[in-house]
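S.K.: Can you build the whole structure from these sequences, using the hints too?
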Amino acid sequence: MDATLEAAPIVDLLRFATIGSVDDGKSTLIGRLLVDTRQLFHDQIEAVEQASRRRGVGDIDLAFVTDGLRAEREQGITIDVAYRYASTPQRKFIIADCPGHIQYTANMATGASNADVALVVVDATAGLKEQTKRHLCIAALLGVRHLIVCANKMDKADWDHEAYDRIVDEMEGLQHILVSKSVTVIPISALNGDNVVEHSSAAPFYSGPTVLEALEAIPSGVWAGTHHGTSSLATRLPVQWILRQPGGGRMYAGMVDGAPLHVGDDIVVLPDGLHSTVTEIMTPNGLCDSAGIGLSISVGLADDLDVSRGDMIVGANDLPAVSNEIEATVCWFGTTRLTAGTRFRAKHTTRTTPAIVSAVTAHLNIDDLTLVPAEMLGENEIGTITLTFATPLAVDDYQRNRITGSFILVDEATNITVAAGMVGPPGLEK
Amino acid sequence: MSPQKMINQPIDHLDLLESHAIFILREVVAECERPVLLFSGGKDSAVLLHLAVKAFEPSGLPFPILHIDTGHNFPEVIEFRDEFVKAAGGQLYVASVQESIDQGRVVDPGHGESRNRLQTVTLLDAITKHRFDAAFGGARRDEDKARAKERVLSFRDAFGQWDPRRQRPELWHLYQGHVTPGEHLRAFPLSDWTELDIWRYIERKKIDLPSIYFAHERDVIERDGMLLSVNEWIHPRGNETHHSQMVRYRTVGDVTCTGAIASEATTIDEVIDEVITSTVSERGATRADDRFSETSMEDRKREGYF
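From first to last, the protein sequence lines are chains A and B. All residue numbers for the first sequence refer to our numbering, where the first residue is 1412 and numbers rise by one. All residue numbers for the second sequence refer to our numbering, where the first residue is 10 and numbers rise by one.
You may find that some hints are simply not true.
To be verified - Cβ pair distances, simulated, as ranges:
no. : chain 1 : residue 1 : chain 2 : residue 2 : range
1   : A       : ILE1653   : B       : GLU241    : 44 to 52 Å
2   : A       : GLN1486   : B       : HIS139    : 34 to 42 Å
3   : B       : GLY113    : A       : LEU1685   : 36 to 44 Å
4   : A       : HIS1572   : B       : THR275    : 56 to 64 Å
5   : A       : THR1825   : B       : GLY69     : 33 to 41 Å
6   : B       : THR276    : A       : PRO1803   : 49 to 57 Å
7   : B       : ASP228    : A       : GLN1461   : 26 to 34 Å
8   : B       : ALA96     : A       : THR1825   : 39 to 47 Å
9   : B       : GLY113    : A       : PRO1803   : 50 to 58 Å
10  : A       : GLY1538   : B       : THR275    : 53 to 61 Å
What the hints assert, rightly or not - Cut-off 20 Å, straight-line C-alpha distance, at most; resulting in silico cross-link-like pairs (EDC-like, lysine to aspartate or glutamate):
no. : chain 1 : residue 1 : chain 2 : residue 2
11  : B       : LYS63     : A       : ASP1700
12  : A       : LYS1540   : A       : GLU1790
13  : B       : LYS138    : B       : GLU42
14  : B       : LYS63     : A       : GLU1790
15  : B       : LYS95     : B       : ASP21
Please keep in mind that the hints were generated in silico from the structure rather than gathered at the bench. Predicted model only: the values in this text are computed from it and were never measured. For glycine and all other residues, C-beta sits at the position ideal for the given N, C-alpha and C.
M.R.: Following this line, the structure appears as C-alpha cells:
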C-alpha cells in the first residue's frame, strides 16, 4: 500500500465484478489496476514476478495477481472468483474477479450477485463473443445497472478506431435490452496500462475517462444490494434468530432492508399477517430510535407474537406478496436438465423450505436475448419457471428488491446450490 | 427509556462490514447444529469474538470457543486469551498439538521447529471429537492469494479438505450451511475486511489486544530476514547474534515461525499510520510458514488448515 494514499476514513464503498469471455483479459486488467494504483505490497509483486518467470510467461504476468491457485497458474485461466480490495482517496473498492469459462458460470454469478457495477472486458480484436453476451445477460438479470466496457487489447488491434466503434455499436444495440443506466466504453490495453489508470495518447479518438475514473464516477451502491429506488419500499426485516432477554421477552434479529425502521412503526409479521408495533431497536451501536438499510439489528415488539426464523417483519404501509407459488427467472447450474417435477430445498431470505418446479416455461436465447417457450433448461441456461413452495413466502419482485426477490435452489442429495433464482420475469426489455 | 438519538444509516464502510459480519454469524448459528469459534488470541480473532458477542446480545454466546495450542506460545497471548474469553462470557476449549504429538497423531518436528502445519491435525481431531459442524475463523481474503478465492462459508469434506475447484456457489446474502455428518463448514465473517479495517475497527470499538501488538523492547535474532524472539525454543544458531530492540508483532502465531517487525508504534494511532505506509504485506513480513513455496497457503488449506 502506498504512503500517498489517503489516511482518512473512507465513507464510500463500491463493489464491482469483472465479466466477459475467457482470455479477453479480465484478470490482467485487475492486476494492472492494482499495480498502477499501488495497492500491492512489494513482496506480493515480487512473488508474482517470481511465479511468472518460473512458469515462463515473461517478467510479470499481471493475471497472477488474482489467479492465485496452482491450477489457475498452470492453465492460465481463472477457475473461481478472487476477491481483492483497493482504496483510492475517493472510495473503497471490493473487486470480484470472475472466471470467463462457461464451465464456471456459477462462480461468475457468485461474484456478480452482490456487484454494483460490471467491468465488462472485451477483446477488441474479436468483438463481443457469445460468452460475453451470456455474462452481460446474467449481470443484467442480477440487477447490475452500470456497465464499464473495456475494449481491451487495443494495442493488438493497432488502436484501430473502427475496432473500438464496433464494440460501441454492439453495446448500444444491447443497452436498451439490458436496461443499463450507464454504459461507458473505454479503449484500453490492460497489458500496457493504456487508459486503465493513466490516460493514453495511443487513442486520440477517445477523450473519455480511464477505467479508474469511470469506477470513481459511478454513484456507489448500498452493500445490502437493493436497487431501483427502494427508498419507496417499506422496511423488510427477515428474521434470522430470536434473542432471549435475561429478564424475559424476546428480540428478533435481522438485517434491515428497504426503508429505515423506526421505534413506533406499525409492522406486519409475514406470512401469518400478525400486526404489532416496534418498541425497541438494538443496533451495533446500542439502542436507537431507528435503523437503516444494511444494519444488523434486533427489534422488540409491543405484542407477544409467535415469530420464528424465516418470518419477515415488514412495514405495514407496503406489503410484499405472500404466496406458495411464484413465477421466477433462474440461472440453472445443475449438470442434469431442469424439468417440471424436480424437487429442491429452496432458501429465500432466512427461510429454507422444500420447493417443486411446477413448470419450466421458457428459455432465454442468448443470441437475441428473447424468451423462447421451453420445457427444460440445460446446464448454465437461463429461463423462466413456476415454483411451488411447501411454506408461503413473502416476496417482492426482484426488480424491486434484490434481497426479498432472490432465492437459491439446493440439491437435497448433494447440498450443492444448483440455481440462482429471481422472483418475476427476467429484468430485460424486449 | 430515552435512547440516544443518532443517525442510523450506515455511516461508512466499517459499519457495513460490522453489520455484514454479524449477519453471517447469525446465519451460521441458525443453519448449523454445533458451531464453534476458533480463537488464536490474535487481532482478527479478537475482532471476531467482539462481533460474536454483539450478534447475540443479550442472550449470550451460543457456541464455545476453541484454541489450537501449539505449545509454542507468547505468554502475553495466553494471558490475553483467558481474560478476553472470560469477559466475553465464552466457554473455552483448548486442543493441544503437544497432545497430538504424545498420542502419535503427528510427529514432533523437533525442539524449536514450527508446529504450524501440525495444527491442522489437532484442529480436525477436535472438530471430529466435539462433532462441530461449523467453525468460525478470523481469516481475511486480503491475507493471501488462496484465501482471496475462498467463500464466506467454505465447505470441508469428511477428511476436512478444502477443494478450491469445487466450491459451492454463494449468491447474494443467501449463505447455505447444510452439511452431512462428518463434513463441516468454515465460516469467515471477516472475509471482506482488510488489515487496515481491522485496526480502524479496534480503534473505534476500543477492543483489547495482546500487548505484543504494540512496540516494546525485545531480545531478538535475525533469521531468514525476520526478527525472531529469543525464548525457550529460539536461540542463536551458528554465527547468529541476538540483540535488544523496539519491535512489535503484526500477526500472532506459533512463536517459532512468527516474526516481529522493527517498530516504534506504541499506540493504535501509530500502528494505523504504520499499516498505511507499510510496503510489505502482513504475512510476508511475519510468517515463515508462507514462504515455503508459491502455494503454501493453498496446500495447507487443502489439508484443512484454518
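S.K.: Among all the numbered hints in the text so far, which are the ones the structure does not match?
M.R.: Hints 3, 14 and 15 are the ones this structure does not satisfy, whereas the remaining hints hold.
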